[in-house]
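2 protein chains.
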Amino acid sequence: MSGTPRLSINQATIKYADLPTALEVTASAGIESIGLWREPVAEVGLETAARQLRDSGLRMSTYCRGGFFTLPEGPARRASLDDNRRAIDETATLAAAGAAGSAAVLVLVAGGLPDGSRDLDGARDRVRAALEELAPAAEAAGVTLAVEPLHPMFASDRCVVPTLRLALDLCRDFAPEVVGVTVDTFHLWWDPDALAQVARAGAEGRLATYQVCDWATPLPQDVLLSRHYPGDGVIDFAAFTRTVEATGYARDVEVEIFNAAVWDAPFPDVVARTTQSFATSVQPYLAP
Amino acid sequence: MSGTPRLSINQATIKYADLPTALEVTASAGIESIGLWREPVAEVGLETAARQLRDSGLRMSTYCRGGFFTLPEGPARRASLDDNRRAIDETATLAAAGAAGSAAVLVLVAGGLPDGSRDLDGARDRVRAALEELAPAAEAAGVTLAVEPLHPMFASDRCVVPTLRLALDLCRDFAPEVVGVTVDTFHLWWDPDALAQVARAGAEGRLATYQVCDWATPLPQDVLLSRHYPGDGVIDFAAFTRTVEATGYARDVEVEIFNAAVWDAPFPDVVARTTQSFATSVQPYLAP
Chain A
36 MSGTPRLSIN
46 QATIKYADLP
56 TALEVTASAG
66 IESIGLWREP
76 VAEVGLETAA
86 RQLRDSGLRM
96 STYCRGGFFT
106 LPEGPARRAS
116 LDDNRRAIDE
126 TATLAAAGAA
136 GSAAVLVLVA
146 GGLPDGSRDL
156 DGARDRVRAA
166 LEELAPAAEA
176 AGVTLAVEPL
186 HPMFASDRCV
196 VPTLRLALDL
206 CRDFAPEVVG
216 VTVDTFHLWW
226 DPDALAQVAR
236 AGAEGRLATY
246 QVCDWATPLP
256 QDVLLSRHYP
266 GDGVIDFAAF
276 TRTVEATGYA
286 RDVEVEIFNA
296 AVWDAPFPDV
306 VARTTQSFAT
316 SVQPYLAP
Chain B
36 MSGTPRLSIN
46 QATIKYADLP
56 TALEVTASAG
66 IESIGLWREP
76 VAEVGLETAA
86 RQLRDSGLRM
96 STYCRGGFFT
106 LPEGPARRAS
116 LDDNRRAIDE
126 TATLAAAGAA
136 GSAAVLVLVA
146 GGLPDGSRDL
156 DGARDRVRAA
166 LEELAPAAEA
176 AGVTLAVEPL
186 HPMFASDRCV
196 VPTLRLALDL
206 CRDFAPEVVG
216 VTVDTFHLWW
226 DPDALAQVAR
236 AGAEGRLATY
246 QVCDWATPLP
256 QDVLLSRHYP
266 GDGVIDFAAF
276 TRTVEATGYA
286 RDVEVEIFNA
296 AVWDAPFPDV
306 VARTTQSFAT
316 SVQPYLAP
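So the sequence lines, in the order shown, correspond to chains A and B. The numbering of the first sequence is this note's numbering, which starts it at 36 and goes up by one. The numbering of the second sequence is this note's numbering, which starts it at 36 and goes up by one.
There is no bait here: all hints are sound.
One copy or two, either will do: identical chains are not told apart, so a pair holds if it fits within one copy or between any two.
Below 25 Å or equal to it, Euclidean Cα-Cα: the simulated SDA-like pairs (lysine to any residue) are:
(1) Lys50 x Gln256
(2) Lys50 x Pro253
(3) Lys50 x Val144
(4) Lys50 x Leu254
(5) Lys50 x Arg193
(6) Lys50 x Glu74
(7) Lys50 x Leu81
(8) Lys50 x Arg73
(9) Lys50 x Ala131
Calculated directly from the structure, the hints in this document are not laboratory data.
Just need the whole structure built from these sequences, with the hints factored in.
If you want it as structure tokens, here you go:
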């Protein structure tokens, strides 16, 4: 067993690896878990992806991602909800194919304001309505929908849910095994309320997945790509990780880095560097 | 009287205008109020600046800016606090020189994490401690310190106070006429808690100044410069402005735009465009 048995490589960290490569690079580094993305799964087809995941011996920690349901009623909204139903089924299939301890967790990004709209409350209402529509399918499939608050700099174009508090408020009327939240340090570190809301997520049984990467400035031209290896920025992983662990969270911890320089580096180097940064900055604060 | 009698041009909107030019351009456009910055005042000297402001017949709506006091104890922190004391005195002098209705309000930006630090709570404690040190000087001078929460994308390098809730919590033990808050739509629009906290600021008597500009994506390379004319982005100025006015706020409303294209345009054009966008997007929601 490695020194970081709960580390999971989110596939976005090695974005340009196809699915078989991502599985191979991860497994051969002695890592036990991976977070998968829909696009590389679609590339090989779901059945093949499930077989490749099974053969790899890896757990699946999450499946990324669904969501993008802030549009008003109409064909585009219907298409998005149908696509989310397919993502739910894919999540169940892949989680069943992964090694024991795999999590049937589908990460959801809410979506931004529709073109020309200034109505944040309305968009948030439509996120809640979408969860209501999707919850029965998720429950039937044994999948947890994990609403992910994104950093407020994405609030207009990507995710109208900018705080963990709002994410939990949106979950309120659903069973916690059906609708939970994604806690990602990059998106939440700045929030004076973050650790209290992490504790709340735990108390409500909604902490579906814990993801780590670091924040540093200056931000690059494309702020989507401003994520760093844990330890290379300003986030206090000790405080975050201890708070997550105190809730009883015992699943894998994903490292998910969107960063052009990381994406351009050789995959095995990225995985090695990820493991090293996790061992230094996160592992010491996990429950023994 | 113009159709926008409470409009104030924040001098940063015409950044490259020196003080006499900024006063002249603003007054000759029929605008009654201006928000001044320390650097252009220092260029001509405080006494001359006060005289020029008096001669212009304009009100001063705020003075920008103090703050940057997250450093640990030591000579740099002392120098910053001394500089803030000078800024308090300048605020009082200029407010007295401005036309009736001028506000002796000093806008404060807290500052970012010190180099190498990951301790947000510690930095926030030092902001509070700085307010404690400065409050007696502000009270003696009749100046209101207006703590400004900045957008969370600035939380590491510029302002550890990312929400209006935290800003108000930091003010809690001070008299409201001594320590209040700056409400700027650009920094707060994304926050599900923003309007409730604006109402709280009003109820606590701490709404020292209301500033408007818009948010749009994509963000430019330097995210500091991502502000737009009201109406050119996604912010719901109706909701914000009505909530501000419902508190009884009756002071000037500043337009403060950091944007390279705006800065490069001729000053009178910028002032005309500001007036027009304010008349369309903000004025209709001001109390009659």
